[in-house]
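Visitor: The sequence shown begins at 154 in our numbering and counts up one residue at a time.
No lab work stands behind these hints, which were simulated from the structure alone.
This one's a predicted model, so the numbers in the text were calculated from it and none came from an experiment.
Possibly wrong hints are sitting among the right ones.
Here are the in silico distance ranges between beta carbons for each label pair [to be verified]:
| no. | residue 1 | residue 2 | range |
| --- | --- | --- | --- |
| 1 | Gly459 | Ser250 | 43 to 53 Å |
| 2 | Leu289 | Leu448 | 22 to 32 Å |
| 3 | Val394 | Leu168 | 21 to 31 Å |
| 4 | Gln169 | Leu214 | 19 to 29 Å |
| 5 | Pro244 | Phe427 | 21 to 31 Å |
| 6 | Ile285 | Pro203 | 25 to 35 Å |
| 7 | Tyr279 | Leu447 | 17 to 27 Å |
| 8 | Phe427 | Val398 | 22 to 32 Å |
| 9 | Val398 | Gln167 | 48 to 58 Å |
| 10 | Ile424 | Pro300 | 16 to 26 Å |
| 11 | Leu255 | Ala163 | 14 to 24 Å |
Ideal Cβ positions, reconstructed from N, Cα and C, are used throughout, including at glycine.
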Amino acid sequence: MQQTATSKPALSTQLQAHLELADPITWVAAIAMVFCGALASSQGTPGFDPTNLNHLLLAGLAALMCGPFGTGFSQSINDYYDRDLDAINDPARPIPSGRVSLAAARANWMVLGLGTMLIGLFLARYSLWIPIFALLSLILSVLYSMPPIKLKQNFWFGPPAVGVGYILLTWLVGHLLFGQLTWPSLILALINSALAAGLLFLNDIKSVEGDRQLGLKSLTVALGVRQTLVVAYTIIDLCLVAMLVLALWGGYLWAAGFVALALLAPIPFQIRLFRDPTHTNFKYFLLVNNPFVLLLELFSAFIVGGYFG
Numbered sequence: 154m155q156q157t158a159t160s161k162p163a164l165s166t167q168l169q170a171h172l173e174l175a176d177p178i179t180w181v182a183a184i185a186m187v188f189c190g191a192l193a194s195s196q197g198t199p200g201f202d203p204t205n206l207n208h209l210l211l212a213g214l215a216a217l218m219c220g221p222f223g224t225g226f227s228q229s230i231n232d233y234y235d236r237d238l239d240a241i242n243d244p245a246r247p248i249p250s251g252r253v254s255l256a257a258a259r260a261n262w263m264v265l266g267l268g269t270m271l272i273g274l275f276l277a278r279y280s281l282w283i284p285i286f287a288l289l290s291l292i293l294s295v296l297y298s299m300p301p302i303k304l305k306q307n308f309w310f311g312p313p314a315v316g317v318g319y320i321l322l323t324w325l326v327g328h329l330l331f332g333q334l335t336w337p338s339l340i341l342a343l344i345n346s347a348l349a350a351g352l353l354f355l356n357d358i359k360s361v362e363g364d365r366q367l368g369l370k371s372l373t374v375a376l377g378v379r380q381t382l383v384v385a386y387t388i389i390d391l392c393l394v395a396m397l398v399l400a401l402w403g404g405y406l407w408a409a410g411f412v413a414l415a416l417l418a419p420i421p422f423q424i425r426l427f428r429d430p431t432h433t434n435f436k437y438f439l440l441v442n443n444p445f446v447l448l449l450e451l452f453s454a455f456i457v458g459g460y461f462g
C-alpha cells in the first residue's frame with residue numbers, strides 16, 4: 154500500500170531506519186579492538202582474565218560504549234551531514250529515502266553521543282583517560298563530518314581520523330580498563346590504526362562519483378582509482394610487514410608464518426581488483442583480507458598479553 158504524504162512510517166520501519174543510521178556492521182571493528190586492548194593488558198593481576206565473568210562484563214560495557222554508541226554516533230552524524238552525497242551514491246539510506254526526518258536523525262546521534270559519554274564517565278573509576286578518549290572520539294566524529302572543517306573532505310586527514318577514532322582509542326580503552334598501558338600494546342594499536350586508514354582509502358573507490366560532484370577531495374578523486382589502490386595496498390602491506398618483523402623479533406615463528414600468509418593470500422584478489430576495480434571485486438578482496446586482519450589483531454593481543462609463552 155502506498156504511503157500518503159501525511160502518514161508516518163510504521164514504528165518497526167522507523168526503528169529499522171534509526172538502526173541503519175548507526176550502521177551496525179561498523180561496530181564490529183570497535184568491539185574487537187576493545188577486547189584486543191583488554192587481552193594486551195596482560196593476563197596477570199592487574200590484567201584481563203577472559204574466564205572471569207566480571208571482566209567480560211566490564212569489557213562488554215566498554216565495547217557497548219565504543220561500538221553501538223560511539224561508532225554508531227559517528228555513522229549517524231556522518232549520514233546527517235552526508236545526506237546530499239548519499240542522495241547520489243546511496244539514495245536508499247534512511248535520510249535521502251525519507252524514512253527518517255532531519256529532526257529524528259539529529260535526535261539519533263545526540264542520544265548515541267550522550268550514551269557514549271555516560272558510559273565513559275561510569276568507567277572513569279578504572280581510568281580517567283577513558284572518558285577523555287570517549288569525548289575525543291566524539292569530537293573526531295564531529296570534525297570528520299560537520300562543515301566547515303569536515304576532515305573527510307581531504308584524504309590527508311579523513312582516513313587517519315577514522316583510524317584513530319575506531320581503532321587506536323578503542324584499543325587503548327580496552328587496555329586501560331585492566332592495567333597500565335605498555336609500549337608493545339601501544340605500538341600494536343598504532344599499527345592497526347594505520348591498517349584501518351589503508352582499508353578506508355580502499356573504501357573511497359565506491360563513492361568516487363558522488364565525491365567528484367560535491368567537491369570532496371578523496372584520494373580517489375585526487376589520484377584516480379588505480380593509484381588509490383596502489384596507495385592502499387602499500388599502507389596495508391607495510392603494516393603487515395611491521396607485524397611480521399615484530400613477530401620474528403619476539404621469536405614467535407608460528408605468528409610470523411601466519412602474518413606471511415596474510416600478506417600473500419590476498420595478492421591474487423589485489424591484482425584482480427586493480428585490473429577491474431568493480432564493487433564485486435572490492436567485496437571479494439575484503440572477504441579474503443579482513444578475516445586475516447581480525448585474526449592478526451587477536452593473535453597479536455594474545456601475544457602481548459602473555460597468553461602465549
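Visitor: For every hint, state whether the structure bears it out.
Guide: Hints versus structure:
Our hint of 43 to 53 Å for Gly459 and Ser250 holds, since their Cβ atoms are close to 50 Å apart. Look at Leu289 against Leu448: about 28 Å separates their beta carbons, and that is inside 22 to 32 Å. Checking the proposed 21 to 31 Å range against Val394 and Leu168 shows it is violated: the Cβ atoms sit about 45 Å from each other. For the hinted restraint 19 to 29 Å between Gln169 and Leu214, the CB-CB distance of approximately 26 Å keeps it satisfied.
Look at Pro244 against Phe427: about 29 Å separates their beta carbons, and that is inside 21 to 31 Å. For the pair Ile285 and Pro203, the supplied restraint of 25 to 35 Å holds, since their beta-carbon distance comes to about 26 Å. Remark: the range hint 17 to 27 Å for Tyr279 to Leu447 is upheld by a beta-carbon distance near 26 Å. Take Phe427 and Val398: their Cβ atoms lie about 26 Å apart, and the range 22 to 32 Å holds.
Distance hint check: the CB atoms of Val398 and Gln167 are about 51 Å apart, consistent with the given range 48 to 58 Å. Hint check: Ile424 to Pro300, Cβ distance near 39 Å, so the stated range 16 to 26 Å is violated. Checked against the hint of 14 to 24 Å, the C-beta distance between Leu255 and Ala163 comes to roughly 20 Å, which is consistent with it.
Violated hints for the displayed structure, listed by number in ascending order: 3 and 10.
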